[in-house]
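Following the hints, complete the assembly by docking chain P onto the known chain Z.
Chains Z and P, in that order, are what the protein sequence lines are.
If you count the first sequence from 1, position 30 lands on 30 in our numbering, and the numbers rise without skipping.
If you count the second sequence from 1, position 221 lands on 221 in our numbering, and the numbers rise without skipping.
Everything labelled a hint here was simulated from the structure, so no lab data went into it.
Just so it is clear, the structure is predicted and the values come from calculations on it, not from any experiment.
It cannot be assumed that every hint is accurate.
[What the hints assert, rightly or not] Counterexamples of contact, computed for chain Z against chain P with all Cβ distances above 12 angstroms:
| hint | residue |
| --- | --- |
| 1 | Thr13 |
| 2 | Val19 |
| 3 | Pro22 |
| 4 | Gly44 |
| 5 | Glu68 |
| 6 | Pro99 |
| 7 | Arg140 |
| 8 | Ala158 |
| 9 | Ala178 |
| 10 | Leu224 |
[Stated by the list, open to error] Partner residues are not named here, just some residues of chain Z that face chain P (Cβ under 10 angstroms, in silico):
| hint | residue |
| --- | --- |
| 11 | Val21 |
| 12 | Leu57 |
| 13 | Asp58 |
| 14 | Ala62 |
| 15 | Arg84 |
| 16 | Leu85 |
| 17 | His86 |
| 18 | Gly89 |
| 19 | Ser94 |
| 20 | Glu105 |
| 21 | Phe109 |
| 22 | Ile110 |
Beta carbons are placed, not taken as given, at the ideal position from N, Cα and C, and that holds for glycine.
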Amino acid sequence: MTPIIQCRGVERTYTQGAVAVPALRGVDLTIGRGDFATLAGPSGSGKTTLLSVIGGLDRPSAGEILIEGRSIGGLDAAQLAELRLHKIGFVFQSYSLIPVLTALENVEFILRLLGVPRAERLARAREALHQVGLAGLEDRRPARLSGGQQQRVAVARALAPRPALVLADEPTANLDSANAGELIALMQDLNAASGITFLIATHDARVIAHSRRHIEMTDGRITLDESSSPAAA
Amino acid sequence: MLLLLAWRNLWRRPQRTLLSLLSITLVVALLVCMLSFQRGVYQAMKENTLGVFDGYAQFQPPGYRDDPTIDRSIEHPAAIVRDALAIQGVGAAGARVNGFGILASGARSYGALIAGVEPRSESQLSSIAATVREGRYLNDTDSDAAVLGELLARNLRVAVGDTVSVLGAARDGSVAADVLTVVGIFRSGIPQLDRSILEMPLARAQDAFDMSDRANTIALGGRTLAGVDAALPRLSALGARHGIALLDWQALEPAMRDAIALKYAMSLLLYLTLVAVVAFIILNALLMSVLERTQEFGVLLAVGMRARAIGLMVWLELLTLALSGCALGFLIGAGATLWLERRGISFGSLSQLLAQYGLPPRLHPALDLVSALTGPVAILVAIVLGGMVPYARVARLTALAAMRSA
Chain Z
1 MTPIIQCRGV ERTYTQGAVA VPALRGVDLT IGRGDFATLA GPSGSGKTTL
51 LSVIGGLDRP SAGEILIEGR SIGGLDAAQL AELRLHKIGF VFQSYSLIPV
101 LTALENVEFI LRLLGVPRAE RLARAREALH QVGLAGLEDR RPARLSGGQQ
151 QRVAVARALA PRPALVLADE PTANLDSANA GELIALMQDL NAASGITFLI
201 ATHDARVIAH SRRHIEMTDG RITLDESSSP AAA
Chain P
1 MLLLLAWRNL WRRPQRTLLS LLSITLVVAL LVCMLSFQRG VYQAMKENTL
51 GVFDGYAQFQ PPGYRDDPTI DRSIEHPAAI VRDALAIQGV GAAGARVNGF
101 GILASGARSY GALIAGVEPR SESQLSSIAA TVREGRYLND TDSDAAVLGE
151 LLARNLRVAV GDTVSVLGAA RDGSVAADVL TVVGIFRSGI PQLDRSILEM
201 PLARAQDAFD MSDRANTIAL GGRTLAGVDA ALPRLSALGA RHGIALLDWQ
251 ALEPAMRDAI ALKYAMSLLL YLTLVAVVAF IILNALLMSV LERTQEFGVL
301 LAVGMRARAI GLMVWLELLT LALSGCALGF LIGAGATLWL ERRGISFGSL
351 SQLLAQYGLP PRLHPALDLV SALTGPVAIL VAIVLGGMVP YARVARLTAL
401 AAMRSA
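So that you can see chain Z by itself, here it is in the shape it has in the complex:
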């Protein structure tokens, strides 16, 4: 499998006053294209930090990260923004939609950033919302959607630019069991249908159970990395 993410000896140390707090301690990780991997571990184990440095939201203190074989260490803030826009979709725990835009506009917005023409933009945004099961709710603002529906809009927003990689940080943490189950199934379907790589940081055993690859982190290090056949959603 062609690697989409390669982490080589990645370290990230934060300083709190005079104290150095290591969040990542020499992480080596390769994720293949089309993988559906979960990243688990207790709070403070470095899951979110690892997602941040892979997504170019944060810079490692040491080591190297390659996305599709290209090192992102030398990219400036604008280049990293371009990389995220074109290659990486994000799904956050708190849905993170723009409250003043409708579901359709939230998805369309990111396509506008990409410079997609209006007609194509609208068609792709509608298609993405249809894919996540929100057809008919395009004109609703986030406040008029349930938590599960908002998270589906967030997934649609992440998918609309047709990224190679989706990084999801605790995507089911705020959802009830039924909605969480539907979201996991949705991400699995998208992974199977379009080959988009998913790397999901989660505590949720249901998500872990459905992943093809499971990675455990403790104290900034990878302590387990195993592949398995996923359970049916």
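Frame of chain Z; chain P shown alone:
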């Protein structure tokens, strides 16, 4: 999309946006009204004061303003008057001989300015003709007639029909002497003028003061002071061709010019304070809104939006708010000013006090480009420039720090 986002963001908290809009609207409306009123008052003050005797501008021989002696004169004034009247904006022009001398009646004598004037043009240039309280003003057929101020007549104890002896120095150094019959007594409302001016026909004054075909000044007037001011460049060229100086209203009434400039400077402090206060109120509201949305900005950065684009969105919110407030304030301020301009503002018992400053009893604001646009433009510029602060704050954000800010 950014504009749509900016507009919708403004209405996330309608109460805050409405209060901000209201403060901009009120201050802009207030600035339009205050500045219009101030300009209207100063315009009335200038036109009333200059219209008593000076005229809106004057041609004078070089050096006459500093040393107004009768031997400094303009030759063949009629040709210059004719050319001046051909210039757009100039509605009246009249030559004057200004002699200083002693007026005597019986045993009483007083020093005065003896002005030789052309009655027809003078009644358009000066309000003296309209303020004759006894008798009548001079006319073109008069020869030995004179009108004089009420206080001067009282001091000389003369009435209409009495004679007054004039004794002064002629242009050639000889004695200028004449006897004139009082045909009218005026009360201009300006005591200084009422006790010191006698007007007589120009031709007779030219004879008495040995001026031949000369005058000391040519007063210029028109329908409005602004019209004459607009004609100044062409009048100046005319004066230059004849080797004479053109004095505008500021040169004719330097004390009034300085007083107006001082009042403008003092008002400017008030206006700037108003602009600064409203700008700070709006910026504070916007900074609050930016702080509240920092986490949201972090998400936008994470999905690939540039920090500058987010900054621009915030700046557009401010611009939209400022433009809306300025437009509303302008409409309200201009509407109120136009209504007052037509109706006028009466100050009742203060009208006598106003008259001392050359003001009519009913004042009219003057809405023009300056008074209408200075306030809105100042507010807009202050808010838009101030908007660079939240813009810079947002433009420096990083995705991770912003998302962790909650």
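Indices of hints not satisfied (ascending)
Hints 6, 8, 11, 14 not satisfied by this model.
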